[in-house]
Amino acid sequence: MADTARDPPPDRTDFHEVEDGEDLFPEPSAAPESQPASLSAVDISTNSNGPKEDSFFDDDNEDLFAEATEEVSLDSPERDVLLSDGPSPAITPITPPTSVITPRIGHQHDDMFTHSSFDEMEEEEGGDSFDINISVSDPEKIGDGMNAYMAYKVTTKTSMSLFKQRDFSVKRRFSDFLGLHGKLASKYLHIGYIVPPAPEKSIVGMTKVKVGKEDQSSNEFVEKRRSALERYLMRTVKHPILLKDPDVLQFLESTELPRAVNTQALSSAGILRMVNKAADAVNKMTIKMNESDAWFEEKQQHFENLDVQLKKLHASVESLVCHRKELSVNTAQFAKSAAMLGNSEDHTALSRALSQLAEVEEKIDQLHQDQANADLYLFSELLGDYVRLISAVKGVFDQRMKTWQKWQDSQMLLQKKREAEAKLQFTNKPDKLQQAKDEIKELEGKVQQGERDFEQISKTIRREVSRFEKERVKDFKMIIVKYLESLVQTQQQLIKYWEAFLPEAKAIS
Amino acid sequence: MMEEVNEATSVLSVYGHTIKVTEALQDGDPLTFIIVSQKLSGTGEYHVDRTYDDFEWLQQHLYAQEDVPGIQGVIFPPLPVRPQANASAKVMKQLGFLGLGEWQPYCKALETFLRQVAAHCILSKNKAMEVFLTSIDPPGRQKVKRNIFNRLSQAVEELRKEGHKDVDEFFQTERDHNLVLTGHARTAVEKFLDVALTEQKIAVACGHFAAALQICVENGDDPEKRAFSRVCAKLSEVFDSIKKNMMSVAVNDMNTLGLGLDLDWRYQEAEREMLFRRTCKLVELENARKNVERAKPAKKSAMEEVKKAAEGEFEQICKVAKQEIVKLNQERVGMVQKSLTQWCEQQLQTAREGADIFNQHLQAFKAMA
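Protein chains in written order, with my numbering: chain A, 1 to 509; chain B, 1 to 369.
Honestly, the hints are just simulated from the structure, not real lab data. Hints are not guaranteed to be accurate.
[To be verified] Computed cross-link-like contacts, DMTMM-like style, restricted to lysine to aspartate or glutamate with a CA-CA straight-line distance of at most 20 Å: (1) LYS299/A x ASP222/B; (2) LYS477/A x ASP222/B; (3) LYS322/B x GLU174/B; (4) LYS327/B x ASP346/A; (5) LYS477/A x GLU224/B; (6) LYS157/A x ASP138/A; (7) LYS325/A x ASP194/B; (8) LYS312/A x ASP240/B; (9) LYS366/B x GLU237/B; (10) LYS394/A x GLU471/A; (11) LYS338/B x GLU359/A; (12) LYS225/B x GLU297/A; (13) LYS338/B x GLU499/A; (14) LYS474/A x GLU224/B; (15) LYS417/A x GLU451/A; (16) LYS238/A x GLU471/A; (17) LYS417/A x GLU442/A; (18) LYS225/B x ASP293/A; (19) LYS366/B x GLU471/A; (20) LYS224/A x ASP385/A; (21) LYS482/A x GLU237/B; (22) LYS312/A x GLU237/B; (23) LYS496/A x ASP365/A.
Input sequences plus hints: build the corresponding full structure.
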């Protein structure tokens with residue numbers, strides 16, 4: 001299967017979907033949109049006379065891709081400023097390509113842009129309903145010693161036209177997942193998309209595996225990781241925008257994937273730390289953002305609270321899991337001691353009863369282990385996932401603040417330039433005056449862009465938060481139902497054991 | 001006021017099997033136990049309050065029956081160790097199952113002790129028992145001359161005797177067997193205690209989780225917020241149920257098998273003490289025989305008397321001991337059967353209730369979606 005060559009997308013600060021000549025706006029004044037047919041750099045003028053601000057931000061139901069035209073020049077010096085502070089040089093925020101969809105999809109792709117509401121688009125996915133299932137399986141140790149790694153099989157089953165096949169697998173290693181997250185984070189985080197975090201690195205866990213320690217804890221580690229990677233991929237593809245990202249598609253489909261380099265920097269915790277550090281730096285710059293939008297204020301507080309609550313819940317469950325494991329160990333030990341007691345008895349009926357007691361206890365021990373695993377894999381992992389997700393959500397809110405700050409900075413700069421220009425009016429320096437006028441023109445564009453960016457990210461965040469909250473409820477419900485089912489099963493098994501033991505106990509004489 | 005107790009035999013005026021230790025009162029320092037027993041005459045009950053000192057008084061009187069032939073061959077019903085409110089970790093470990101809960105297991109153990117004494121053909125005849133059960137006033141907080149009866153708790157030199165080779169195959173076998181059994185029984189109790197304590201820890205942890213979930217419940221108009229709050233509230237209920245179920249499992253463990261294993265172990269220890277007493281008597285007898293052989297003619301008849309007395313006592317002890325051993329081995333089977341059956345029945349009940357409740361929760365959750 002040949003990989004589609006994907007050139008590095010042009011640097012942009014916004015994510016814009018542009019259609020092949022399709023007019024997205026009712027206004028006839030819409031300038032010819034940049035042609036997205038190829039992925040090469042597109043020339044965008046700063047003076048495009050696309051529809052002005054008002055029509056962009058009417059209400060949330062508007063097509064996300066309505067604002068396609070006003071763009072900052074690629075060479076704008078300020079944008080370099082925007083790009084370079086915050087994330088380290090290892091990750092340069094790049095806007096996703098304008099025509100993410102075009103290379104591969106046929107006519108169904110058109111449907112996406114004629115829908116007036118983003119929600120409809122989410123449901124229909126350009127004609128496809130959301131039908132994709134990813135599983136991560138068959139962890140396989142490749143290599144020996146400290147250079148060894150685990151390879152996982154990633155299997156995708158789907159009927160969506162987004163993909164070349166319906167059922168396919170690839171082999172991936174952990175750093176590949178981190179690499180994917182790194183790319184997605186650098187493309188989408190700063191414009192307000194909640195990018196699901198990848199599972200954490202674990203030096204202790206991996207070292208055991210590398211060294212070849214085949215015990216319960218390292219098996220558990222591999223299983224935990226496998227499960228976490230699976231959840232990570234499913235969360236990522238559930239996001240309607242991320243699903244269509246070429247890096248995601250490449251990850252799922254390509255047999256060979258270029259090795260992700262510098263995964264130190266790319267670990268999702270690392271990225272989030274950077275994002276949050278940037279946010280802190282921004283805060284320290286005394287951002288007293290005039291939050292005109294009560295929604296944001298409330299939501300921000302809500303997520304702060306949620307963060308604290310989830311961490312408490314997570315700690316609670318971890319303690320529960322710990323005790324369950326302890327119970328399993330203790331039950332096994334008791335079973336042994338009961339067996340020894342039974343063996344040293346002369347009286348046959350007593351001896352037999354005690355031996356059976358030992359057996360019952362051993363079976364119960366197994367049940368406890370299974371229950372502990374249920375607690376562990378279901379709740380503990382879910383809560384852990386959500387603690388990390390909340391970090392991503394908070395990061396996105398902070399990006400918005402940063403965006404606001406940029407806008408304000410541009411405005412202040414513009415103000416200064418205007419004052420300077422006014423002064424220059426009275427001097428006889430026509431070339432300096434012209435330069436000043438040019439700079440002002442540029443800055444005006446920048447200010448407009450800044451405001452648009454801010455409005456855009458606010459809108460995106462609203463949508464993302466809504467999606468997040470819906471998903472959260474679904475996620476929790478599903479896990480809880482699974483857990484309850486396992487709980488009921490355990491009880492019924494217990495009942496069977498007790499019912500079998502009772503006549504034995506009664507028969508002792 | 002101390003009751004004058006002569007060692008004359010008496011008949012208990014209450015039904016032994018009706019003796020109940022109903023509660024432990026903790027006003028003031030020593031725990032006080034309320035003991036109720038039904039009068040044989042059918043005219044009502046005796047209610048008395050006793051402290052641990054009173055129980056020790058009774059025990060000492062039982063030990064001190066020197067005129068009863070072969071008394072040292074009796075396997076004395078074991079009295080639990082002294083309880084302490086706010087006990088140290090060491091004492092709690094000693095108490096084991098008996099230290100759990102609000103002294104209910106301990107009361108049960110005291111009750112068993114009294115019932116066993118009342119059921120013992122020799123011991124029930126001791127007047128001290130009647131006084132203990134029926135006298136309004138406490139039998140005597142004055143210390144009775146402490147009879148060093150439980151020799152195992154003594155100096156190291158005495159303990160060396162425990163390994164002394166026996167002359168009788170039946171007893172040698174029983175001693176060896178008892179030693180092994182005592183060790184295993186103690187281990188079984190300790191391990192089962194660990195199980196019960198861990199079950200309690202799990203229950204507490206479930207309670208914490210349920211409480212933490214309650215904190216996530218918020219009011220609001222936001223439909224998503226409401227949906228999530230509902231999920232958290234329901235899950236909190238689930239974990240509350242899990243907590244209750246776990247507590248029930250732990251309590252069942254403690255009250256049935258826990259107490260049963262504990263009693264069995266303490267009886268093995270009691271038998272060990274009896275066997276040790278007998279062994280000491282054997283050593284004494286062997287020494288007396290040697291003394292006769294070695295004695296100078298003047299002392300010879302005196303030594304002979306001593307030897308004859310020792311032989312007599314030893315014979316009595318062996319006779320009683322054999323009966324006691326046979327009786328214990330029979331009763332043990334019944335005791336273990338009873339505690340295993342009760343344990344199984346109670347756990348089965350709890351499991352059924354648990355399955356019902358969890359199933360209800362499951363259906364409720366599915367209906368929510």
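### Numbered hints the structure breaks, given as an ascending list
No numbers; nothing is violated.
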